[in-house]
Amino acid sequence: AQKITQTQPGMFVQEKEAVTLDCTYDTSDPSYGLFWYKQPSSGEMIFLIYQGSYDQQNATEGRYSLNFQKARKSANLVISASQLGDSAMYFCAMREGGGGATNKLIFGTGTLLAVQP
Amino acid sequence: AAGVIQSPRHLIKEKRETATLKCYPIPRHDTVYWYQQGPGQDPQFLISFYEKMQSDKGSIPDRFSAQQFSDYHSELNMSSLELGDSALYFCASSSQGSHYEQYFGPGTRLTVT
Numbered sequence: 001a002q003k004i005t006q007t008q009p010g011m012f013v014q015e016k017e018a019v020t021l022d023c024t025y026d027t028s029d030p031s032y033g034l035f036w037y038k039q040p041s042s043g044e045m046i047f048l049i050y051q052g053s054y055d056q057q058n059a060t061e062g063r064y065s066l067n068f069q070k071a072r073k074s075a076n077l078v079i080s081a082s083q084l085g086d087s088a089m090y091f092c093a094m095r096e097g098g099g100g101a102t103n104k105l106i107f108g109t110g111t112l113l114a115v116q117p
Numbered sequence: 001a002a003g004v005i006q007s008p009r010h011l012i013k014e015k016r017e018t019a020t021l022k023c024y025p026i027p028r029h030d031t032v033y034w035y036q037q038g039p040g041q042d043p044q045f046l047i048s049f050y051e052k053m054q055s056d057k058g059s060i061p062d063r064f065s066a067q068q069f070s071d072y073h074s075e076l077n078m079s080s081l082e083l084g085d086s087a088l089y090f091c092a093s094s095s096q097g098s099h100y101e102q103y104f105g106p107g108t109r110l111t112v113t
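From first to last, the protein sequence lines stand for chains A and B.
Everything in the first sequence is counted per my numbering, starting at 1 for the first residue and increasing by one.
Everything in the second sequence is counted per my numbering, starting at 1 for the first residue and increasing by one.
If a hint is listed, it holds; no wrong ones were tucked in.
A short, non-exhaustive set of chain B residues, derived as facing chain A with CB atoms under 7 Å:
#1 P43
#2 F45
#3 D56
#4 L88
#5 Y103
Read the hints as simulated data drawn from the structure, not as lab findings.
Quantities reported herein were computed from a predicted structural model and do not represent experimental measurements.
All residues carry an ideal CB built from backbone N, CA and C; glycine is no exception.
Chain A on its own, in the form it takes in the complex (with noise of 0.2 Å):
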């Protein structure tokens, strides 16, 4: 079964708008981590901002926040004020289990986010 769910395969957004990512997740797992990876057309992979399932409040990271409803299990990104900076595929990923050996993340599958001037 999927565990990470992005149903946005590609994104248009105006330059300093700002723009919400989608990401479901499923696990039983009561203790688990959620990222958000930023994946530009050079290929490297940029830890954006993490959420943890305890966590009381949402994450936030300069531009980059994240809304977390556990209820609901989503984790979706928020973008504020885009820039052309950041078209590039962004990824989430989950961590089952509160740390420790079962570190390993999975990640949906991306999507694709195009800011237009």
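Chain B: place on chain A using the hints.
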């Protein structure tokens, strides 16, 4: 800040050859992971090491092996290369103190001809 270092960045091999990819984790990170990303696909977990011991294993072919050395660098050894092994190979590292956030290296792009 120091990042994960991978070498080489690009590698071209022929079928049935061998390849060795190297990874140098962020200093004081205790866990190293290897992922394989095929063209147009999401990264797939291969294997991980915690404090130089294999900690988890994913969809790694038997033709591949990996280890972590005393200085914490890791190597992924790939033998009898096949065309389907052409991919971007990422190494990532993490530490317990940072919620196991995984920081990825720039990747090694392997092309098998």
